[in-house]
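Protein sequence lines, in the order shown, are assigned to chains A and B. Reminder that position 30 of the first sequence reads as 30 in my numbering, one-by-one numbering, no gaps. Reminder that position 217 of the second sequence reads as 217 in my numbering, one-by-one numbering, no gaps.
Hints may contain errors.
Note that identical chains are pooled: a pair holds if it fits in a single copy or bridges any two copies.
[Unchecked claim] Cut-off 25 Å, straight-line C-alpha distance, at most; resulting in silico cross-link-like pairs (SDA-like, lysine to any residue):
no.: 1; residue 1: Lys246; residue 2: Phe299
no.: 2; residue 1: Lys15; residue 2: Arg256
no.: 3; residue 1: Lys196; residue 2: Thr135
no.: 4; residue 1: Lys292; residue 2: Arg188
no.: 5; residue 1: Lys15; residue 2: Ile181
no.: 6; residue 1: Lys107; residue 2: Glu224
Note that these hints are calculated values from the structure, not bench results. From a predicted model like this one, the values you see are computed outputs, not experimental measurements.
Protein chains: 2
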Amino acid sequence: MSVLVVGSTALDSVKTPFGEVNDTLGGSAFYFSAAASYFAPVKIVGIVGDDFPLDQLDFLIKRGVDLTGLEIAKGKTFRWGGVYHENMNHRDTLFTHLNVFETFSPKLPEAYRDTPFVFLANIHPELQLQVLEQTRNPRLVMLDTMNLWIDTALAPLKEVMKKVDAVILNDQEATQITGEINLIRAARKVTDLGPKIVIIKKGEHGAFVLAGDEIFAIPAYPLESLYDPTGAGDSFAGGMVGYLAKCNDISMESFRKAIAYGTVTASFSVEQFSIDRLKDLKMEDIETRYRKLAEMTRF
Amino acid sequence: MSVLVVGSTALDSVKTPFGEVNDTLGGSAFYFSAAASYFAPVKIVGIVGDDFPLDQLDFLIKRGVDLTGLEIAKGKTFRWGGVYHENMNHRDTLFTHLNVFETFSPKLPEAYRDTPFVFLANIHPELQLQVLEQTRNPRLVMLDTMNLWIDTALAPLKEVMKKVDAVILNDQEATQITGEINLIRAARKVTDLGPKIVIIKKGEHGAFVLAGDEIFAIPAYPLESLYDPTGAGDSFAGGMVGYLAKCNDISMESFRKAIAYGTVTASFSVEQFSIDRLKDLKMEDIETRYRKLAEMTRF
Numbered sequence: 001m002s003v004l005v006v007g008s009t010a011l012d013s014v015k016t017p018f019g020e021v022n023d024t025l026g027g028s029a030f031y032f033s034a035a036a037s038y039f040a041p042v043k044i045v046g047i048v049g050d051d052f053p054l055d056q057l058d059f060l061i062k063r064g065v066d067l068t069g070l071e072i073a074k075g076k077t078f079r080w081g082g083v084y085h086e087n088m089n090h091r092d093t094l095f096t097h098l099n100v101f102e103t104f105s106p107k108l109p110e111a112y113r114d115t116p117f118v119f120l121a122n123i124h125p126e127l128q129l130q131v132l133e134q135t136r137n138p139r140l141v142m143l144d145t146m147n148l149w150i151d152t153a154l155a156p157l158k159e160v161m162k163k164v165d166a167v168i169l170n171d172q173e174a175t176q177i178t179g180e181i182n183l184i185r186a187a188r189k190v191t192d193l194g195p196k197i198v199i200i201k202k203g204e205h206g207a208f209v210l211a212g213d214e215i216f217a218i219p220a221y222p223l224e225s226l227y228d229p230t231g232a233g234d235s236f237a238g239g240m241v242g243y244l245a246k247c248n249d250i251s252m253e254s255f256r257k258a259i260a261y262g263t264v265t266a267s268f269s270v271e272q273f274s275i276d277r278l279k280d281l282k283m284e285d286i287e288t289r290y291r292k293l294a295e296m297t298r299f
Numbered sequence: 001m002s003v004l005v006v007g008s009t010a011l012d013s014v015k016t017p018f019g020e021v022n023d024t025l026g027g028s029a030f031y032f033s034a035a036a037s038y039f040a041p042v043k044i045v046g047i048v049g050d051d052f053p054l055d056q057l058d059f060l061i062k063r064g065v066d067l068t069g070l071e072i073a074k075g076k077t078f079r080w081g082g083v084y085h086e087n088m089n090h091r092d093t094l095f096t097h098l099n100v101f102e103t104f105s106p107k108l109p110e111a112y113r114d115t116p117f118v119f120l121a122n123i124h125p126e127l128q129l130q131v132l133e134q135t136r137n138p139r140l141v142m143l144d145t146m147n148l149w150i151d152t153a154l155a156p157l158k159e160v161m162k163k164v165d166a167v168i169l170n171d172q173e174a175t176q177i178t179g180e181i182n183l184i185r186a187a188r189k190v191t192d193l194g195p196k197i198v199i200i201k202k203g204e205h206g207a208f209v210l211a212g213d214e215i216f217a218i219p220a221y222p223l224e225s226l227y228d229p230t231g232a233g234d235s236f237a238g239g240m241v242g243y244l245a246k247c248n249d250i251s252m253e254s255f256r257k258a259i260a261y262g263t264v265t266a267s268f269s270v271e272q273f274s275i276d277r278l279k280d281l282k283m284e285d286i287e288t289r290y291r292k293l294a295e296m297t298r299f
């Protein structure tokens with residue numbers, strides 16, 4: 001089955017203790033697609049400016065990613081700049097230039113509307129609603145968001161949360177939206193807002209999913225070298241939703257494996273700057289690390 | 001096989017957002033024993049004052065804990081007071097009255113000296129060395145410590161670390177002792193100090209063990225209600241070492257299960273104040289939660 005992702009498509013400038021890159025491929029939709037395309041055909045909806053180096057997307061095209069829905073608008077591409085400090089858990093945003101993203105109004109090509117797996121990456125909840133209105137009978141809709149929308153657009157965010165099957169949040173977002181510090185209680189409260197399935201990402205501490213009475217928890221893949229955490233969450237989501245689409249099954253049994261695959265794709269993503277590590281990865285690299293993760297958590 | 005623990009034996013006064021207790025059973029050796037005694041016979045070495053309410057130890061005696069090595073000295077019992085704030089991850093120490101603990105010099109009764117499993121709970125490294133000198137051919141010696149000794153007694157701490165098989169540290173201690181923020185690298189650097197096995201506790205984020213090239217990682221048991229985190233690490237260590245002693249096997253296969261049992265005993269410990277939850281727990285409660293943890297982490 002195929003996956004539709006709508007999200008940001010950007011050029012990032014990132015500095016970490018290990019180096020610095022400028023105007024490199026970034027944005028939630030690109031990270032997600034790079035990861036998901038190892039598992040299933042992906043369709044992107046997004047917007048870039050006429051300054052965007054389209055040849056940087058060749059690796060996605062080669063992996064069967066459909067870019068029909070990537071609008072090329074007159075003007076500059078969305079640019080984000082950030083710096084990570086020593087412990088890599090915190091970053092400061094240096095600039096956010098929305099540019100063409102400011103007037104983005106997602107339009108799904110006709111051939112996209114029946115896509116069974118839909119990932120609403122982190123964009124304004126009003127835009128996420130617009131996307132949903134253009135889909136037809138998706139099998140699974142998963143939503144991501146960020147602190148900015150919880151702060152500034154909570155009403156439309158809650159509106160769209162009522163209409164999705166699953167939500168993926170990091171620990172801080174889960175606490176921010178529910179007021180609960182305890183993450184299990186926070187996840188449960190998120191299900192009260194509508195979605196039956198809640199995935200909580202805890203960065204280097206792993207992730208868990210809560211659905212009804214069932215919980216599945218997994219540690220992060222242990223890494224000794226982490227170069228750039230940008231996009232880790234989107235790479236995680238890409239591996240997860242990509243796997244669900246591949247097996248066309250949204251049972252908790254599949255979610256367990258999907259979250260393990262997401263853990264693995266995210267672990268590769270942070271090993272190099274930008275999306276670079278997800279460009280030349282082989283499926284067997286993913287499978288090898290998946291088996292190692294299974295072995296590392298077995299008791 | 002039996003387990004020897006040497007550590008603090010205290011009366012704690014603890015305040016959390018959920019309540020407050022005064023002069024209640026505390027100290028690493030009591031927490032450890034309460035947990036370990038579900039799995040194996042335990043021998044305690046410690047010191048209390050003549051003000052200590054010995055009847056509070058009846059539950060340990062009933063579970064076969066040997067208190068021969070618990071010295072009752074003239075004077076007051078070691079008292080610690082602390083307060084946990086809203087997120088329960090940080091605590092402020094309100095007071096530490098060492099009292100009779102100030103002149104503690106651990107003496108192992110003759111019948112203790114051949115105990116095969118030895119846990120050096122968090123006390124001054126010089127005392128840990130004294131204990132080691134009195135043991136005969138232990139099968140496994142595991143050491144715990146704290147930030148205070150890393151700050152003030154690093155030389156004897158490194159001395160004793162050379163002589164033990166395993167070390168258990170929390171994330172902050174591991175970083176403090178190695179200068180490494182990345183916990184996998186920190187754990188590896190700890191093995192350079194001597195111990196072949198390093199267990200890193202991450203509180204609500206679980207734990208991992210590193211031994212040679214092998215890593216086993218486990219999330220914490222998901223809890224919605226946590227009343228008092230005091231002693232969680234010692235309850236974890238107690239479940240872990242207790243299980244290792246029970247099966248008399250220190251292979252990584254056993255360590256995996258041991259860490260899962262430690263995770264479970266710690267999860268019970270924090271559900272009530274002091275050691276209360278570990279007083280009336282049934283072994284079948286532990287086994288049930290162990291099976292749930294296995295189910296929650298399977299993929």
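To see whether the hints hold, each was checked on the structure:
1. Lys246 with Phe299: between (28 Å within a copy, 17 Å between copies)
2. Lys15 with Arg256: Neither. Shortest intra-copy (34 Å) and inter-copy (38 Å) distances fail the 25 Å Cα cut-off.
3. Lys196 with Thr135: Result: close within a single copy only, 20 Å intra versus 56 Å inter.
4. Lys292 with Arg188: Cα proximity of Lys292 and Arg188: across copies only (18 Å, versus 31 Å in one copy).
5. Lys15 with Ile181: Answer is between: at 18 Å across copies they meet the 25 Å cutoff, but 30 Å inside does not.
6. Lys107 with Glu224: neither (42 Å within a copy, 42 Å between copies)
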